[in-house]
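Okay, here's what each chain looks like letter by letter:
Number of protein chains: 2
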Amino acid sequence: MTQPKTGKHLLVIGTVAIDSVETPFGKADNVLGGSATYFSIASSFFTSVRLVAVVGEDFPQRHVDLFKKHGVNIDGLVRMKGETFSWKGSYGYDLNVANTLETKLNTLEQFDPELSEEDKRSPFVFLANIDPDLQIKVINQLKNPAFVALDSMNLWIRIKKDSLLKAMSMVNMVVLNEAEAREITGQSNLVKAAKEIKKLGASIVVIKQGEYGSMGVFGNEIFSAPAFPMEDVYDPTGAGDSFAGGMIGYLARQGEINPDTLRQAMIVGSAVASYNVEAFSLERLTQLKFNDIVNRYNEIKRITIFDDFTH
Amino acid sequence: MTQPKTGKHLLVIGTVAIDSVETPFGKADNVLGGSATYFSIASSFFTSVRLVAVVGEDFPQRHVDLFKKHGVNIDGLVRMKGETFSWKGSYGYDLNVANTLETKLNTLEQFDPELSEEDKRSPFVFLANIDPDLQIKVINQLKNPAFVALDSMNLWIRIKKDSLLKAMSMVNMVVLNEAEAREITGQSNLVKAAKEIKKLGASIVVIKQGEYGSMGVFGNEIFSAPAFPMEDVYDPTGAGDSFAGGMIGYLARQGEINPDTLRQAMIVGSAVASYNVEAFSLERLTQLKFNDIVNRYNEIKRITIFDDFTH
Chain A
1 MTQPKTGKHL LVIGTVAIDS VETPFGKADN VLGGSATYFS IASSFFTSVR LVAVVGEDFP
61 QRHVDLFKKH GVNIDGLVRM KGETFSWKGS YGYDLNVANT LETKLNTLEQ FDPELSEEDK
121 RSPFVFLANI DPDLQIKVIN QLKNPAFVAL DSMNLWIRIK KDSLLKAMSM VNMVVLNEAE
181 AREITGQSNL VKAAKEIKKL GASIVVIKQG EYGSMGVFGN EIFSAPAFPM EDVYDPTGAG
241 DSFAGGMIGY LARQGEINPD TLRQAMIVGS AVASYNVEAF SLERLTQLKF NDIVNRYNEI
301 KRITIFDDFT H
Chain B
1 MTQPKTGKHL LVIGTVAIDS VETPFGKADN VLGGSATYFS IASSFFTSVR LVAVVGEDFP
61 QRHVDLFKKH GVNIDGLVRM KGETFSWKGS YGYDLNVANT LETKLNTLEQ FDPELSEEDK
121 RSPFVFLANI DPDLQIKVIN QLKNPAFVAL DSMNLWIRIK KDSLLKAMSM VNMVVLNEAE
181 AREITGQSNL VKAAKEIKKL GASIVVIKQG EYGSMGVFGN EIFSAPAFPM EDVYDPTGAG
241 DSFAGGMIGY LARQGEINPD TLRQAMIVGS AVASYNVEAF SLERLTQLKF NDIVNRYNEI
301 KRITIFDDFT H
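Chains as they are written, first to last, in my numbering: chain A, 1 to 311; chain B, 1 to 311.
Hints listed in this document are in silico derivations from the structure and should not be mistaken for laboratory results. Misleading hints may appear alongside valid ones.
[Unchecked claim] Stretches of chain B that chain A covers, calculated by requiring three or more beta carbons in the stretch to come under 8 Å of a beta carbon on chain A: (1) 187-193; (2) 258-270.
[Said to hold, decoys possible] Have a look at the derived ranges for each label pair, beta carbon to beta carbon: (3) B:K27 to A:G186: 19 to 27 Å; (4) B:N154 to A:P24: 17 to 25 Å; (5) B:L105 to A:K301: 42 to 50 Å; (6) A:D292 to B:G186: 56 to 64 Å; (7) B:K137 to A:Y93: 31 to 39 Å; (8) B:D29 to A:K199: 36 to 44 Å; (9) B:N154 to A:D112: 47 to 55 Å; (10) A:T103 to B:A146: 37 to 45 Å.
[As the list claims (entries may be wrong)] Cross-link-like lysine to any residue pairs, in silico, SDA-like; alpha carbons within 20 Å at most: (11) B:K198 to A:M230; (12) A:K195 to B:D232; (13) B:K301 to A:I305; (14) A:K301 to B:F228; (15) A:K301 to B:E299; (16) B:K8 to A:F309.
For clarity, every value in this text was computed on a predicted model and none was experimentally measured. Cβ atoms here follow ideal geometry from the backbone N, Cα and C, with glycine treated the same way.
Only chain A is shown next, with the shape it has when bound in the complex:
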């Protein structure tokens, strides 16, 4: 536990995975991963989080304990017959690009999320990267949510584009990385791509730009959030989900979505993501203190402020 849970409840549905990752700086085999994992731990610093996901019989108790230690409610973590979804990937020196070596869906293939009554009444919801048909299924079970956000990946753009477009039309915020934003719109210019995604229905679009930060488009505003300039990046896995977890966790904590809280939230996301990439898997996130995040937020402020034009 890190901080008093003052914010609104936040529900996340996505993947919990066993990852094997290799980067130029080392490797980690059979470690905890998955979109909902990174998101839930990252957001747990800010508000009370409920996790809905599936794992197999092989899922180690120590990972279950980790969620509990961070105060993540795992009543919705279904354990099914079979093995946990697993992902093997590697990164070269361009840490912005992950090479997937192997994906085993395993129990994820049978996952059919049924929300509990409490889950259904969650005011804040994040649909982490998972089959867009499941995302839609979850949205349809929600009872008057205040704020729903969605992430996705290139796979779903390629094999389930219609479902993804539909899911994107049902949420308040779409979070994508820049390659995905370009691919789904066929638009190379990122501002135009974000605006086209916005036309689908979400009033807020956040484009993740890896080591360059992120761009938010809300209403007629654009916000440009830098990444924290890192000297030592060991493993970028989960950076996007940590970013989203910090961002939406902060929004749930504030309980209010407006241009000012959105800007702050994107910086919080940058701060949390910058810690995540300092070590493999969730090693760094799980050691983090609330004040570390605030300190890095302030550092990001220092590296971006500048005076008015001097005539």
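Position chain B against the provided structure of chain A, taking the given hints into account.
Structure of chain B alone, referenced to chain A:
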């Protein structure tokens, strides 16, 4: 003429070229280009600028008039027998990458800059992209300059690395794009690359990151300057030199180099460069008003500010 020239004199040496450029949005044949051209026009909004460069007999009078119209002193523009240096290039949808189709050095090959007495006493000097041996030759002629900055390109890293490293050790500021910074240091991490370049001697390193903005490293500080998010980029040619021109022109105008003026200057550079890419060649820069730059500076401020962390 745009604004009263209140700043310190700024000398630029580099190329003046005839460019032919094709982008997905159109093409322009035999238009004015060159590193010193973009730099001098961009910096002319801020201070008095002296240009040292070479052109051939074919160089049109209308281009000469353009420099004069912008108050650029061209006493150092040497006209030699032969043709003007020319560059043909194209850009695909990734406007960050220029494909050089043809380079004809022509008169540039015989260029041997001899500074006038007035040039030698310039307090501010920019060595735009040109053979590093010529950059060194110019540095050696300077008499007690207050501030010297240098830009370069991948070609010189490959064929004249020793000269370039020597030139970089003799200046106050090095300006490179991120690919060049990585190539010259063999370091993929950009913060580390910038710090290695700084070790060569310059106290200020500015890394240009194209559509993502730029990163400045000075003393122990890092400053992250966003680019202005553009919906319509027609021709990125000269963006880097316009950026440098705005940045160093502003520094010369302020007459003082410190972390605050450097931060402002990088934003001014972003503002000027963002206009430059709105049209081919110098079409947009030459229509620009001083207040347009101030307005865009303020817009960049609006897209980057955020409140303190709310507990």
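Now the hints, each set against the structure:
Judged by the Cβ-Cβ criterion of 8 Å, the stretch 187-193 of chain B is covered by chain A as claimed, because 5 of its residues qualify and three suffice. Given a C-beta distance limit of less than 8 Å, the hint that chain A covers the stretch 258-270 of chain B holds, as 7 residues qualify and 3 suffice. Between K27 (chain B) and G186 (chain A), the C-beta spacing of about 23 Å keeps the proposed range 19 to 27 Å intact. For N154 (chain B) and P24 (chain A), the hinted distance range of 17 to 25 Å is satisfied, since their beta carbons lie about 23 Å from each other.
Remark: the range hint 42 to 50 Å for L105 (chain B) to K301 (chain A) is upheld by a beta-carbon distance near 47 Å. For the hinted restraint 56 to 64 Å between D292 (chain A) and G186 (chain B), the CB-CB distance of approximately 32 Å leaves it violated. Under the hint 31 to 39 Å, the C-beta atoms of K137 (chain B) and Y93 (chain A), about 36 Å apart, fit the expected range. Between D29 (chain B) and K199 (chain A) the beta carbon distance is about 37 Å. The supplied range of 36 to 44 Å therefore holds.
Roughly 54 Å separates the CB atoms of N154 (chain B) and D112 (chain A), a value that falls within the hinted 47 to 55 Å. A hinted range of 37 to 45 Å for the beta carbons of T103 (chain A) and A146 (chain B) is inconsistent with their spacing of about 59 Å. The hinted pair formed by K198 (chain B) and M230 (chain A) meets the criterion: a straight-line CA distance of about 17 Å does not exceed 20 Å. Annotation: proposed proximity of K195 (chain A) to D232 (chain B) holds, straight-line Cα distance about 13 Å (limit 20 Å).
The suggested pairing of K301 (chain B) with I305 (chain A) holds, with an alpha-carbon distance near 9 Å, which does not exceed 20 Å. The suggested pairing of K301 (chain A) with F228 (chain B) holds, with an alpha-carbon distance near 18 Å, which does not exceed 20 Å. Using a Cα cut-off of 20 Å, the hinted pair K301 (chain A) and E299 (chain B) holds, with the two alpha carbons roughly 18 Å apart. Between K8 (chain B) and F309 (chain A) the alpha-carbon distance is near 18 Å, which keeps this suggested pair within the 20 Å criterion.
Hints 6 and 10, counting from the list given before, are not met by this structure.
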